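Peer 1: These protein sequences, in sequence, are chains A and B. No gaps in the numbering here: position 24 of the first sequence is 22 in my numbering, and each next residue is one more. In my numbering, each residue's number is its place in the second sequence (first place is 1) plus 116.
In short, the hints are calculated from the structure, not lab data. For clarity, every value in this text was computed on a predicted model and none was experimentally measured. Accuracy of the hints is not assured; some may be wrong.
To be verified - Covered stretches of chain A (in silico footprint by chain B; criterion: 3 or more residues with CB under 8 Å from a CB of chain B, positions within the stretch not fixed):
#1 39 to 49
#2 63 to 75
Stated by the list, open to error - Now the in silico label distances, taken between C-beta atoms and shown as ranges:
#3 A/72 / B/221: 49 to 55 Å
#4 B/128 / A/77: 24 to 30 Å
#5 A/61 / B/155: 32 to 38 Å
#6 B/216 / A/61: 29 to 35 Å
#7 A/64 / B/257: 31 to 37 Å
Using N, Cα and C, we set each Cβ at its ideal position, and we do this for glycine too.
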Amino acid sequence: MPLQQAPDSLRADSIVHSTTVATLPGHTNATGPAKLLFEQDKLYTVVAVLLIVWLGLAALLLRNDRRLDRLEKEARRADG
Amino acid sequence: MVNVRRYRLVRNIVLATMTAVLLAGMLVPFPRIDDILGQTHRNLFFHVPLWFALMAGMGVSAWHAYRYLKTGDLVHDLRSNEAARVAFAFGLMGIVTGMFWARATWYESAGLWWNNDPKQLMAATQLMVYAAYFVLRGSLDEPVRRARLASAYNLFAAILVPLLLYVVPRQMESLHPGAEGNPAFSNLTAPAMRLVLYPAFATFIGLFWVIYTQRVRIALLERRSEPDL
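Based on the provided sequences and hints, a complete structural model is requested.
Peer 2: As structure tokens, then:
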């Protein structure tokens, strides 16, 4: 008995395909296709990664400043 | 020598606005222009400000080169050097991000990374001119002689910035927006994007200033322990 084929709408590739950016109509309003892009295309994950990278770099910058503050204080003390 | 209070203020503003620019640049929906650009018009917020930071940074560098030649104070030479170094790093990021953007748009079908677009070529030339500045500095050991030669060269390099980044590319056929006279902001871009783009310019220039000032503080400390440096 041949395997029964799943309806097109349930096949994995058709689901993936239906949510890729390439198939979206040019988005003219923020709710429709833009919502699809942001929510279903996992853009939020990329934004979260970007934010973590940026905050990590900012933390390093702040830590460098702390070390500089300490060294400058020592230098001033040495100068009397 | 460095106004630490002002430094901290600028730094904290930059940390906040950069976070806002990143979020707005990625998340605010803007009208899609065409299939070639796709969502890459968002690169405008991250690629173009790098060049504004380079131009501002080279301006700071040239100013301190001029001040050195006027006053003979080696601190100006130190500042000129650090400004050029940080601005150069922004320029390298600008070239590389531009290559990625061009690869995905102009050269999408050609599969190229580089096709001697005049604007890219002139930008690369400008970076070479500054690379020579660092080579010149590295080849001179005596601080006063180095400062004098480097400052004079720096002024010539800075004069080239508007020529190579603005004038010459405008005279040649280029795929880069702006060739038709309107810098970067062509009619292809939604006016609403300016609301993110202009804060991005200020933020990237601010980030340049923060890193530059941090490096000046480090260099001043280094100079204390090694006066001949």
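Peer 1: Would you mind marking each hint as holding or not holding in the structure?
Peer 2: Taking the hints in turn, this is what the structure says about them:
1. 39 to 49: holds (count 5)
2. 63 to 75: holds (count 6)
3. A/72 / B/221: 49 to 55 Å: holds (52 Å)
4. B/128 / A/77: 24 to 30 Å: holds (28 Å)
5. A/61 / B/155: 32 to 38 Å: Check passed, 34 Å falls within 32 to 38 Å.
6. B/216 / A/61: 29 to 35 Å: At roughly 30 Å between Cβ atoms, residue 61 of chain A and residue 216 of chain B fall inside 29 to 35 Å, so the hint holds.
7. A/64 / B/257: 31 to 37 Å: About 34 Å separates the Cβ atoms of residue 64 of chain A and residue 257 of chain B, which means 31 to 37 Å holds.
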